[in-house]
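Student: Here are the chains, one letter per residue:
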Amino acid sequence: MEKSADGFKPKILAFCCNWCSYAGADLAGVSRLQMPSDFRVIRVMCSARVSPEWVIKALAGGVDGVMVLGCHIGDCHYISGNHRAKKRFALLKEMLGYLGINPARLYVDWVSASEGARFQQIVTEFVETVKELGPHHGPEG
Amino acid sequence: MEKAHISRSQKLAGDRQIRRQTAGFGNPARANCDLPRIGVFVCHCGNNIGGVVRVPEVVEYARTLPDVAYAEDNMYSCSEEGLSSIKESIVRHKLNRVIVASCTPRTHEPLFKRACEEAGLNKYLFEFVNIREHCSWIHMHAPDEATEKAKALVRMGVAKARYLEPQEEFQSDVYPAALVIGGGVAGMTAALNLANQGFVVHLVEREAELGGLLRGVNKVFPTYEDAGEFLAPLIQQVENHPRITTYLRSEVESVEGFIGHFQVRVTNGHREAEFEVGTVIVATGAQEFKPYGYYGYPMLPNVVTPLELEEMLKKGFEFPRNVVMINCVGARIAERPYCGRFCCTAALKNAVLIKERDPRAKVYILQRDVMAYGEHIERHYRRAMELGVRFIRYSLDRPPEVVGVRQAREVKVFHQLIGKELTLPADLVVLVTPLVPQPDSEKLSRMLKVPRGSEGFFLEAHLKLRPIEFATDGIYLCGSARYPSNIIESVSQAYAASAKAATPMRQGFVQVEAITAFSDEHLCTGCGTCVLVCPFSAIELRVGENGQKSWVNATQCKGCGSCVAACPNGAMQQRGFTDRQVLSMVEALVSS
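Just so you know, the sequences run in chain order A and B.
So that you can map any letter, position 69 of the first sequence is 69 in this note's numbering, and since no number is skipped, the others follow by simple counting.
So that you can map any letter, position 322 of the second sequence is 322 in this note's numbering, and since no number is skipped, the others follow by simple counting.
Keep in mind the hints are simulated off the structure, nothing from the lab.
The beta carbon of each residue, even a glycine, is placed where N, CA and C say it ideally should be.
Among the clues, some could well be false.
To be verified - Restraint-style ranges between C-beta atoms, simulated for each label pair: (1) A/L91 with B/Q548: 25 to 35 Å; (2) B/Q171 with A/M95: 37 to 47 Å; (3) A/E128 with B/Q263: 36 to 46 Å; (4) B/Q548 with A/H137: 43 to 53 Å; (5) B/E256 with A/H137: 36 to 46 Å.
Claimed, not checked - Straight line, CA to CA, 27 Å or less: simulated DSS-like cross-link-like pairs of lysine-lysine: (6) B/K443 with A/K86; (7) B/K314 with B/K362; (8) A/K57 with A/K87; (9) A/K131 with A/K93; (10) A/K9 with A/K93; (11) A/K87 with B/K314.
Next up, chain A with everything else stripped away, as it sits in the complex (with noise of 0.2 Å):
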């Protein structure tokens, strides 16, 4: 497996709720803090509606990374939707493993609407974490 290979450009992909992080993604445009390209926002309403499937769908297509960022726990917007995909991705990770995806290929976390900096911070973090495993494809340790 290779690692770190010099200008590897990593596909990741950031589902993010439409009222705490997509919000926050827009911050830190806004404020135009900058960050590696190498991420691709898609936005849903709530991190709860991210299904396990699309994670492992597109992990298992080519994707080398995955973010489900949402609402910090107690402010969804839908109430108790973070809980569910807190729940959801705690489980999701352990079973990465056994389809032979590195869990830490998967990020979940919390971003709020006024939190941009903390934005960037995840995404630039992350990057840096997919470039470090290396291209996905098939099975690893």
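Chain B: place on chain A using the hints.
Tutor: Only chain B this time, still in chain A's reference frame:
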């Protein structure tokens, strides 16, 4: 009414059953009977996008994507010209899907959706691609990468657009009451304006009295009215208004819900109140920056802040002979880069007051720039100069120095224009500081899920187009909670915010986005998992011809999609966020 909604949602769900296919990476099946004819409009946003992303290249790329019938770039897609071009193109090129690649859907989606509707296209056949906030603004120094990313984002948008379907919207009622947070001039004005229009208003103020910052002010600019005389009738009107309930010494503990129905809990530490409102206005104001550590504050008793000076003036203290005001203390510095906007005005006001009362007094204003814009302030600037107030420009490289041990005795300042140091006698030094955000604005921002800017003030939906509302529907903003605002500004913003809040309450309903969940009866096994996870009790199991099946009440459904992710059979889907739509985006991300 209820029945009409049910039959409509059932009809939509029924239509869906025919079209539904298993989601996945399979061949894209046509979402509609019509072949998709996608139009892609890529915005330069002046230099905001076009200065980083090579927009014409993205347009060229879009033309190569499957089912894209037309693509063009616009200088400003949201301008009248841009919108007309979109509308004309829909007709001329028979477009049945529209993509605008520009800014954020959180501010501009309604505008483009309306343009689609005006051109006769169902607005749910529109897809937004964010290449400004999520691309050009955050990759400003990497034009190649930003251009590639913009192409990928457009490719993903096109992939999803092929599966978009027309939708019908529902109406949701709006409870005709408002919550106003903050009982300063802005909050009280907003509360009165709403109450006078017949709405119930809950006004929450943290302090023991209404009035906010103005309670500490001596005279108001530019009328030189007594601030107390200005405030008293306003407070009285609020307190005596039959439709306004005022909660003093109270704080908002939680706000949950949506435009139309927010559940609010307010507490004063002993007792809690719970009520429902349709809209929320944030008028929490700001506070004076206390310049600890600057120029001997607070060790030297005769070095004071503007509000402390106001307090002294109110108490009618004997004016000292020599007053030195230092402007821009703690403002326009790296740590706090903004201008306090009216600190100069306040300094001018008090300088004029002092000179008019005692012409022999010496008043110096040490400044870095004097913000004396417009008619009234400029006039006061001139008046102050005529009265003999002396303005001395200092620079941050050589800031003034307050000299004195137990109290300030003189101020040394390097006069930038004559290029030498002056020593000014000082019986009183006023450190003119800006307003800063309320320390707990972060807490409120999280509670309401509304953003704050880098300085910590609340951030409106759009700087120019939507200055007094948040991107979240039903929540509005006025006064110094946004940025330091003087009374005139606070009052007009309060009128604007309350007028905005009154619109949905007067109308009695809002259109609810058709992003609700729906269940495919053929796939549903009636297990009831969706019923368990729905936070809004919008789903129930109904027994019909084919046994027990889940059924979504679309008027209750808020569109979180939790049930969709939970459904073990893929029977539950969410309008606008179906598995097929999202997975097609994922697939498009992978294929490059």
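Student: Next, verify each hint and record whether it holds.
Tutor: Hints, verified against the model:
Taken as a hint, the range 25 to 35 Å holds for the pair A/L91 and B/Q548, whose Cβ atoms sit roughly 27 Å apart. The hinted range of 37 to 47 Å is satisfied by B/Q171 and A/M95, whose Cβ atoms lie roughly 42 Å apart. Look at A/E128 against B/Q263: about 42 Å separates their beta carbons, and that is inside 36 to 46 Å. For the pair B/Q548 and A/H137, the beta carbons lie near 44 Å from each other, so the given range of 43 to 53 Å is met.
In this structure, B/E256 and A/H137 meet the distance hint of 36 to 46 Å, their C-beta atoms being roughly 45 Å apart. Distance hint between B/K443 and A/K86 is fulfilled; the C-alpha atoms sit about 22 Å from each other, no more than 27 Å. For the hint pairing B/K314 with B/K362, the CA-to-CA distance comes to about 20 Å; that is within 27 Å, so the pair holds. At roughly 19 Å between alpha-carbon atoms, A/K57 and A/K87 fall within 27 Å of each other, so this suggested pair holds.
Between A/K131 and A/K93, the direct Cα distance comes to roughly 19 Å. Compliance with the 27 Å bound is thereby established for this hinted pair. At most 27 Å may separate the alpha-carbon atoms for a hinted pair to count; A/K9 and A/K93 meet this at roughly 24 Å. This hinted pair does not check out: A/K87 and B/K314 have alpha carbons roughly 59 Å apart, beyond 27 Å.
Consistency note: the structure conflicts with earlier hint 11 alone.
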